[in-house]
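J.: The lines below spell out each chain.
Protein chains: 2
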Amino acid sequence: MVMTREFDAWARDIALSTERSLEALLPPPAGEPKRLHDAMRYATLGGGKRVRPMLAHAAGETTGAPVDRVRIVAAAVEIIHAYSLAHDDLPCMDNDVLRRGKPTVHVEFDEATALLAGDALQALAFELMAVHRLADPPDQQLKMLQIFSHACGSHGMAGGQAIDLANVGRQITLPELEYMHILKTGALIRASVLLGAMCGAALPEEPAARLDHYGKCVGLAFQVVDDILDCESNTEQLGKTAGKDQDANKPTYVSLMGLAGAKAFARELLQDALSALAGFGPEAVRLRQLAEFIVHRQH
Amino acid sequence: MVMTREFDAWARDIALSTERSLEALLPPPAGEPKRLHDAMRYATLGGGKRVRPMLAHAAGETTGAPVDRVRIVAAAVEIIHAYSLAHDDLPCMDNDVLRRGKPTVHVEFDEATALLAGDALQALAFELMAVHRLADPPDQQLKMLQIFSHACGSHGMAGGQAIDLANVGRQITLPELEYMHILKTGALIRASVLLGAMCGAALPEEPAARLDHYGKCVGLAFQVVDDILDCESNTEQLGKTAGKDQDANKPTYVSLMGLAGAKAFARELLQDALSALAGFGPEAVRLRQLAEFIVHRQH
Numbered sequence: 183m184v185m186t187r188e189f190d191a192w193a194r195d196i197a198l199s200t201e202r203s204l205e206a207l208l209p210p211p212a213g214e215p216k217r218l219h220d221a222m223r224y225a226t227l228g229g230g231k232r233v234r235p236m237l238a239h240a241a242g243e244t245t246g247a248p249v250d251r252v253r254i255v256a257a258a259v260e261i262i263h264a265y266s267l268a269h270d271d272l273p274c275m276d277n278d279v280l281r282r283g284k285p286t287v288h289v290e291f292d293e294a295t296a297l298l299a300g301d302a303l304q305a306l307a308f309e310l311m312a313v314h315r316l317a318d319p320p321d322q323q324l325k326m327l328q329i330f331s332h333a334c335g336s337h338g339m340a341g342g343q344a345i346d347l348a349n350v351g352r353q354i355t356l357p358e359l360e361y362m363h364i365l366k367t368g369a370l371i372r373a374s375v376l377l378g379a380m381c382g383a384a385l386p387e388e389p390a391a392r393l394d395h396y397g398k399c400v401g402l403a404f405q406v407v408d409d410i411l412d413c414e415s416n417t418e419q420l421g422k423t424a425g426k427d428q429d430a431n432k433p434t435y436v437s438l439m440g441l442a443g444a445k446a447f448a449r450e451l452l453q454d455a456l457s458a459l460a461g462f463g464p465e466a467v468r469l470r471q472l473a474e475f476i477v478h479r480q481h
Numbered sequence: 183m184v185m186t187r188e189f190d191a192w193a194r195d196i197a198l199s200t201e202r203s204l205e206a207l208l209p210p211p212a213g214e215p216k217r218l219h220d221a222m223r224y225a226t227l228g229g230g231k232r233v234r235p236m237l238a239h240a241a242g243e244t245t246g247a248p249v250d251r252v253r254i255v256a257a258a259v260e261i262i263h264a265y266s267l268a269h270d271d272l273p274c275m276d277n278d279v280l281r282r283g284k285p286t287v288h289v290e291f292d293e294a295t296a297l298l299a300g301d302a303l304q305a306l307a308f309e310l311m312a313v314h315r316l317a318d319p320p321d322q323q324l325k326m327l328q329i330f331s332h333a334c335g336s337h338g339m340a341g342g343q344a345i346d347l348a349n350v351g352r353q354i355t356l357p358e359l360e361y362m363h364i365l366k367t368g369a370l371i372r373a374s375v376l377l378g379a380m381c382g383a384a385l386p387e388e389p390a391a392r393l394d395h396y397g398k399c400v401g402l403a404f405q406v407v408d409d410i411l412d413c414e415s416n417t418e419q420l421g422k423t424a425g426k427d428q429d430a431n432k433p434t435y436v437s438l439m440g441l442a443g444a445k446a447f448a449r450e451l452l453q454d455a456l457s458a459l460a461g462f463g464p465e466a467v468r469l470r471q472l473a474e475f476i477v478h479r480q481h
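Line order of the protein sequences matches chains A and B. Those letters in the first sequence? Residues 183 to 481, by this note's numbering. Those letters in the second sequence? Residues 183 to 481, by this note's numbering.
There could be a bad hint or two in this list.
Note: identical chains are not told apart, hence a pair may lie in one copy or across any two.
[Stated by the list, open to error] Distance condition first, Cα-Cα at most 25 Å in a straight line; then the derived DMTMM-like pairs of lysine to aspartate or glutamate:
(1) K432 with E293
(2) K325 with D250
(3) K432 with D220
(4) K216 with E360
(5) K216 with E358
(6) K398 with E214
(7) K432 with E214
(8) K398 with E465
(9) K398 with D190
(10) K432 with D278
(11) K231 with D408
(12) K325 with E414
No lab work stands behind these hints: they were computed from the structure.
Required output: the full structure, derived from the provided sequences and hints.
T.: Have a look at this one:
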């Protein structure tokens, strides 16, 4: 499958509409506490690939989900992603100064503000998922909140970050690396797919499981490609510090499999993701295109 | 009203049952990522006055809420409280080394683990509130999640912490101090009262507003008494560093009103809290006793 201009236009459209939703859903910049709200907006607006919102919208298309509902889910998962970056960049974590071509939140503001902005963003994401009607019946929405909160916690994203930290400077195996990534970035990516789909008609167990497997594969592929790009690109292209993982002696797919091995693995994951969608028809075209996009992206 | 042994027994009982629920609801210590789970348990278990759980249970009694449901709410609000302390104690915030008579989380573990443990605890609190059936119909439970997440975010606890930070070393007025505390500690205390009550029969608007006013008064009173104790006690009695606010040049009720003024204000808030409960009968006896307890406590 070849990326088309039509897909590019769709992706651009989602990025724009996500930016607009976030603008409207984040606390207004004028309201008190102003510095905190400024930091929350700085962490979230004006950048990012918006891959998670795209996945939510693409998954929503497979179940005929109303776009207005998916927009809330897309904003919520992106807000969680933004909070995780603000915390991840802190001196006590990755100590990074550059993100999306801009100073990181604690550099632009200060450490305490970056910490609190992340904390408040997490609460805001849950608030959005509780305030807006996202599914019928409301029981389905409670189920969405379960999936969402689980993906953020110690058995999801936060747990993956803890394992990532513990791995620095250690010799780890490929299964250990995979387990870490399945939690660290994979959990929220899978949740983005499932939550987008759950805004629409309820899915039977089997197609839901296939969507989840798709999410698992693209989540891992995303990370493998990140490692490849971190190795091959320079800082300007990435908009964040390149070669950082190697410098930090962090295990990566490239360091464990070699560059060619990592590229072959990314292709394998792409095939696996596409196979998981075999039972779906044209309503899953965006999910298929997104899998290609995630594996073939250049930054 | 005089504190009775009977109230003491009830309070001890709530503290014990909260500890037991938290034990069971937190990730087990053996599961991976172990260090993160250990830190989450360390931050939450084995200490604390458990005032928020007591308020949730006392409020639940006013609406005949099933105790099993209130236990989940009590655990969730206490988990949020524990996460806020773990983050508040970090070097970039209050930089405190002692809490509840033990080393703070980042001292016992490390900064990154304290940060992630706090993040994961916040997610866990929301997960508990979404996984367990807490109210009928489920719409009421979504409403509870709205109140809960709002109380945690930038218009609640996290916002109050940001204002607190901005106030250090500044001359502020009494209304500014009050506004900060209404967010910083008040928001979660009010949520504890409302959420406990919402586990039971739905409350009409007027008594709900009175319960909320009660929560606002005891939340403020709690802080005023904290400032009084911080001024009058020593570190051993408090289990946390005493005199710290004065040392940090933080505005307190004592520094703005004087010791006698702060004590008179605490008594006023107590009367206001009790008046808010005037329309309730004997089902609000625990809320009345708790207001007395909060104002008359010695640590």
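J.: With identical chains, the pair K325 and E414 could be close in the same copy or across copies; at 25 Å between alpha carbons, which is it: within, between, both, or neither?
T.: neither (41 Å within a copy, 49 Å between copies)
J.: Check K398 against D190 for me: Cα-Cα at most 25 Å, and say if that holds within a copy, between copies, both or neither.
T.: Within one copy only: 23 Å inside a chain, 52 Å across chains, cut-off 25 Å.
J.: Within a copy, between copies, both or neither: which one fits K432 and E293 at a CA-CA cutoff of 25 Å?
T.: Result: close both inside a copy and across copies, 24 Å intra and 19 Å inter.
J.: Checking an output row: K398 and E214, CA cutoff 25 Å. Within, between, both or neither?
T.: between (40 Å within a copy, 20 Å between copies)
J.: Is the C-alpha distance from K398 to E465 at most 25 Å within one copy, between copies, in both cases, or in neither?
T.: Within. Shortest intra-copy distance 20 Å satisfies the 25 Å Cα cut-off; inter-copy 51 Å does not.
J.: Using 25 Å as the alpha carbon limit, work out where K432 and D220 are close: within a copy, between copies, both or neither.
T.: between (32 Å within a copy, 24 Å between copies)
J.: My question is about K231 and D408: at a cut-off of 25 Å on alpha-carbon distance, are they close within one copy, between copies, both, or neither?
T.: Within one copy only: 12 Å inside, 46 Å across.
J.: I want to check one pair: K325 and D250. Are their C-alpha atoms no more than 25 Å apart within a copy, between two copies, both, or neither?
T.: Both ways: K325 and D250 sit 19 Å apart in one copy and 20 Å across, limit 25 Å.
J.: Within, between, both or neither: how does the pair K432, E214 come out at a Cα-Cα threshold of 25 Å?
T.: between (40 Å within a copy, 20 Å between copies)
J.: Tell me, please, which holds for K432 and D278 at an alpha-carbon limit of 25 Å: within, between, both or neither?
T.: within (14 Å within a copy, 31 Å between copies)
J.: If the cut is 25 Å between Cα atoms, do K216 and E358 qualify within a copy, between copies, both or neither?
T.: between (42 Å within a copy, 15 Å between copies)
J.: My question is about K216 and E360: at a cut-off of 25 Å on alpha-carbon distance, are they close within one copy, between copies, both, or neither?
T.: between (40 Å within a copy, 18 Å between copies)
The structure fails to meet hint 12 from the earlier list, while all remaining hints are met.
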